[in-house]
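Undergrad: Okay, here's what each chain looks like letter by letter:
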Amino acid sequence: MTAAAGTIRSGEGALARAEAFVRRNVSSFAILGLLIAFLVLTRVINPNYGPAGIVNLAIDVLPIAFAAVAQAIVVISGGIDLSVGSMMALGSVTSAVLMKGQGDAVGVGVVFAVLLLGLVVGAINGGLVVLTKVPDIVVTLAMSFVWAGAALLILNTPGGGAAQFLTTILSGPFFLPFLPKALVVLAIIVTLVWIPLKRSSRGLAMYAVGSHPLAAFRSGVAVAPTKIIAYSLAGFFAALGGITLTGIGGVGAPVPGAYTLQSVAAIVLGGVSLAGGRGGVLGPIIAVMVLALVRTDLFFLGVDPNLSTAIQGAILIGVVMFGSLIAMRKVRA
Amino acid sequence: MSGAGAGAAGAAGNARVPRGLASGGLRRIIRDRPLIPLIVLLTLLVVMLEVANPGIVNGNWLATTLRSAIPLAILAACQTLAMLTGGIDLSVGAVASSAAFIMATQSASQGPAVAIIIALIAATAAGIANGIGIGVFKVHPLIMTLGMSLVVLGLTSVYQLAMVQSGTRIPEAILWLGSGISFGFVPNSILVFVPVALMIVVGLRRTGFGRLLFAVGDNPIAARLAGARVWQVHVALYILSAVLAAVAGLLLAGLNNTATVSLVEQQVLPSVAAAVIGGTSIMGGRGGYSGTIVGALILTVVTTLLTVLEMPEAVRQILFGVIIVAVAAAYTRVSGET
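Chains as they are written, first to last, in the numbering used here: chain A, 8 to 340; chain B, 37 to 374.
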């Protein structure tokens, strides 16, 4: 909104471009507004909420944010990945087992090795979806068993350790007291991977395959490789989520949390259409923070944490209902 | 790019014709009578079990296998019905657990009959919410039921804190039904299962509601244009699904002689697996319940087999996943769906 207001004087072209930018990202702006509203609300509820709270928030949401990015990429490409949580568990235990008692040099190597593992695991998911022609939801549901089982084989109970550097780069503020290092890490990685991809022809191919696979195929898009790449990237980001889980918790967690569900909730709230071909990764990342703030606020308000689970479920349903109501109204109008 | 893609597709199409001719008989059997290969697979697994541990296959084994397969098969009925319409019901775990928990806490003060009725009413409420969300507001079934499972889980946990001093008690009748065995080889839960299974199998084939489920799953727009009230079908379906889930939850409470908030959560993914193995397509419009029953039996026998072979839980999970993908791929291949 401020961007549009600022460019009014600088000519028609810039105005039109700014307007188009806002219109294209309307859901991102809406969710950003929601985030700001919730930050203000949190401050009202708890006047002590400040930089420290924001830093903790960023650290808390980092693994789920990576999960949401993973889910967003697959859903934009017309699939859905129900194995995100299991892949995170696999990434977490693998990094924890390999890093235990090692120095930073080995730790960095382990991070790259686990990211490579994530790419491979994701590529297996994507390959199976393409080869078997079984619906994405069935394949990834089944593979969620496989990767969770593999994580349990590697580490039966929470254990292992995190390299020192990993814990250091994730905790605390960066330069400014209210700028969490975790947020900087997230921004750098997503910028380095997603923006070049989105601007490339491969990124365009993902949106094309997601919105209409047959039309994409007839326009000369290589559908199968595009899907496999999307799933590999999801594996990559899920592995990142797993590594950060290890880094934050200090141990590897073999049992997947509710990350798959939270990632789906975040992308829907963040403006990614479950039908594919629509949305980005910024909206889902902000949505993850909004959902975490809802949890924080409910905690500050003294609401029973169990009830706050129910409220989150209701919010998820409400958001999707609202979205489909708007879509229905558009169809009628 | 386009030429290469079309060429590849053409080559694949050509390659499929001779293979189809060569194994047409087998393909037809798998496509039209999926029960036959499933029963063959089940028999093979039982033989493997007997080989792995001679003497294990006896009357008592039959009873315990059926006893643990029946709740799974009822949960898988929820998935089968939902999948026929192109949906899925991931809230069965939470609904079943909460029904079992409500029954266990209420039976201490209200008596078993009232407690069971209260549990079924609670499940129905969850089913109505699912049905309205999916049928009226067109929320994706996956999201709706996942969200609903969070809501139900949260509310049940709140209820648990409120009821903390009342304690839980599983009524004798439920214990007898869930875990009892008669004549040495018949689990008592079959008294619940046979009517349920008959109702679903016959209902799907012979009643208007059954045909509506297939019609909605096959082509919702065509079903609507043909005069079907699609939203009513969805509401009825998800209510039925929630009630079935509650029944499964009560049986599981009897089987385990306990009721907790997360009693059934572990069975949700296997229930989807049983329906997929049984030949029901998650895209809707194709499948049936008899295959699902065999699917539930197959999963139960695989679990026993892995326990006998002293495989860790992790291997069981991996194998479950591999089986689902392999079976689903086989179905997709023979039915020619893409």
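Some hints could be false.
Derived Cβ-Cβ restraints for the label pairs, each shown as a range [said to hold, decoys possible]:
{"#": "1", "chain 1": "A", "residue 1": "L138", "chain 2": "B", "residue 2": "M84", "range": "52 to 62 Å"}
{"#": "2", "chain 1": "A", "residue 1": "G110", "chain 2": "B", "residue 2": "L98", "range": "49 to 59 Å"}
{"#": "3", "chain 1": "A", "residue 1": "G309", "chain 2": "B", "residue 2": "Q201", "range": "15 to 25 Å"}
{"#": "4", "chain 1": "A", "residue 1": "L314", "chain 2": "B", "residue 2": "L234", "range": "36 to 46 Å"}
{"#": "5", "chain 1": "B", "residue 1": "Q268", "chain 2": "A", "residue 2": "S178", "range": "49 to 59 Å"}
{"#": "6", "chain 1": "B", "residue 1": "A144", "chain 2": "A", "residue 2": "G110", "range": "20 to 30 Å"}
{"#": "7", "chain 1": "B", "residue 1": "R247", "chain 2": "A", "residue 2": "F28", "range": "30 to 40 Å"}
{"#": "8", "chain 1": "A", "residue 1": "T164", "chain 2": "B", "residue 2": "S298", "range": "39 to 49 Å"}
On the chain A side, residues computed to face chain B include the following (Cβ under 7 Å) [to be verified]:
{"#": "9", "residue": "I52"}
{"#": "10", "residue": "T139"}
{"#": "11", "residue": "V145"}
{"#": "12", "residue": "F152"}
{"#": "13", "residue": "V153"}
{"#": "14", "residue": "L160"}
{"#": "15", "residue": "A299"}
{"#": "16", "residue": "L308"}
{"#": "17", "residue": "G309"}
{"#": "18", "residue": "D311"}
{"#": "19", "residue": "G320"}
{"#": "20", "residue": "L323"}
Derived from the structure by calculation, the hints contain no laboratory data.
Even glycine gets a Cβ: it sits at the ideal position worked out from N, Cα and C.
Undergrad: Of the hints stated earlier, which fail here?
TA: Numbers 1, 6, 7, 8, 9, 15, 16 and 17, in rising order.
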